[in-house]
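A.B. asks: Sequences listed follow chains D and E, in order. Every position in the first sequence, counted from 1, becomes a number in the working numbering once 819 is added. Every position in the second sequence, counted from 1, becomes a number in the working numbering once 204 is added.
Because the hints were derived from the structure by calculation, they are not lab data. There could be a bad hint or two in this list.
[Stated by the list, open to error] Distance ranges between label pairs, derived from CB positions:
(1) D:G822 <-> E:Y243: 39 to 49 Å
(2) D:E878 <-> E:K262: 30 to 40 Å
(3) E:T209 <-> D:S826: 29 to 39 Å
(4) D:P837 <-> E:A258: 42 to 52 Å
(5) D:T905 <-> E:H214: 21 to 31 Å
(6) D:K876 <-> E:S218: 41 to 51 Å
(7) D:T839 <-> E:K262: 36 to 46 Å
(8) D:S886 <-> E:S218: 41 to 51 Å
(9) E:P234 <-> D:T932: 32 to 42 Å
(10) D:T905 <-> E:G257: 41 to 51 Å
(11) D:R930 <-> E:G212: 22 to 32 Å
[Stated by the list, open to error] Covered stretches of chain E (chain D as the covering partner; in silico rule of three or more C-beta atoms under 8 Å from a C-beta of chain D):
(12) 223-236
(13) 246-253
Built from N, CA and C at the ideal position, the CB exists for glycine as well.
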Amino acid sequence: DAGITQSPRHKVTETGTPVTLRCHQTENHRYMYWYRQDPGHGLRLIHYSYGVKDTDKGEVSDGYSVSRSKTEDFLLTLESATSSQTSVYFCAITPGTSRSTDTQYFGPGTRLTVL
Amino acid sequence: AQSVTQLGSHVSVSEGALVLLRCNYSSSVPPYLFWYVQYPNQGLQLLLKYTTGATLVKGINGFEAEFKKSETSFHLTKPSAHMSDAAEYFCAVITNTGNQFYFGTGTSLTVIP
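If we strip away everything but chain D, and leave its shape as in the complex, we get:
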């Protein structure tokens, strides 16, 4: 357990509405990541952060934005949700301040349904 919580754990929303998912960690980890998990695709990286206000895009970043105003919180925002964004979203961290090549540890996930 790397001290990661995600909120909400489940959410149902309608197409076109904004949605924000929160990842919270209590152990001052530097690197944080957002993934989506879809059948047949495994996990795909959306965005990641390597420090406060330092973020970068992953392979499926279109339609998503992120913010990290403090070390412990990494927010993922869907500006205008679409049905294709129905997925399970996982937050992950790399422990401490180590290089991002170290092991990643995952939160419990958020199941998002866009109707």
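With chain D held as given, fit chain E onto it using these hints.
C.D. replies: Frame of chain D, contents of chain E only:
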């Protein structure tokens, strides 16, 4: 660029039988390799990892994997399957100069009593 291929999206074994889950990777530089397990409605848990050194890596719950550079493989094995091993297994790769994990599409393991 790196990529991971997991052969077989579904694998079924009898309880007590050998478990073999296949993972092949593509990387132009030395990779770091990982196996994760996901139980229903949970996040991913690290099973084992290879970074450098000994190519046979032992993990939790009796699993092990061997890094074979010549075959670009990192197959996961367990000598005797247990009912509690039923889960989804993911192989992942990152290079020692990279900043992004690449995951395979996963293998769902079913254990038959």
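A.B. asks: Does each hint fit the structure? Answer for all of them.
C.D. replies: Hint check:
no. : hint                          : in the structure
1   : D:G822 <-> E:Y243: 39 to 49 Å : 20 Å, violated
2   : D:E878 <-> E:K262: 30 to 40 Å : 31 Å, holds
3   : E:T209 <-> D:S826: 29 to 39 Å : 34 Å, holds
4   : D:P837 <-> E:A258: 42 to 52 Å : 49 Å, holds
5   : D:T905 <-> E:H214: 21 to 31 Å : 23 Å, holds
6   : D:K876 <-> E:S218: 41 to 51 Å : 45 Å, holds
7   : D:T839 <-> E:K262: 36 to 46 Å : 41 Å, holds
8   : D:S886 <-> E:S218: 41 to 51 Å : 49 Å, holds
9   : E:P234 <-> D:T932: 32 to 42 Å : 41 Å, holds
10  : D:T905 <-> E:G257: 41 to 51 Å : 42 Å, holds
11  : D:R930 <-> E:G212: 22 to 32 Å : 26 Å, holds
12  : 223-236                       : violated (count 1)
13  : 246-253                       : holds (count 6)
The structure is inconsistent with the numbered hints 1, 12, although it conforms to all the rest.
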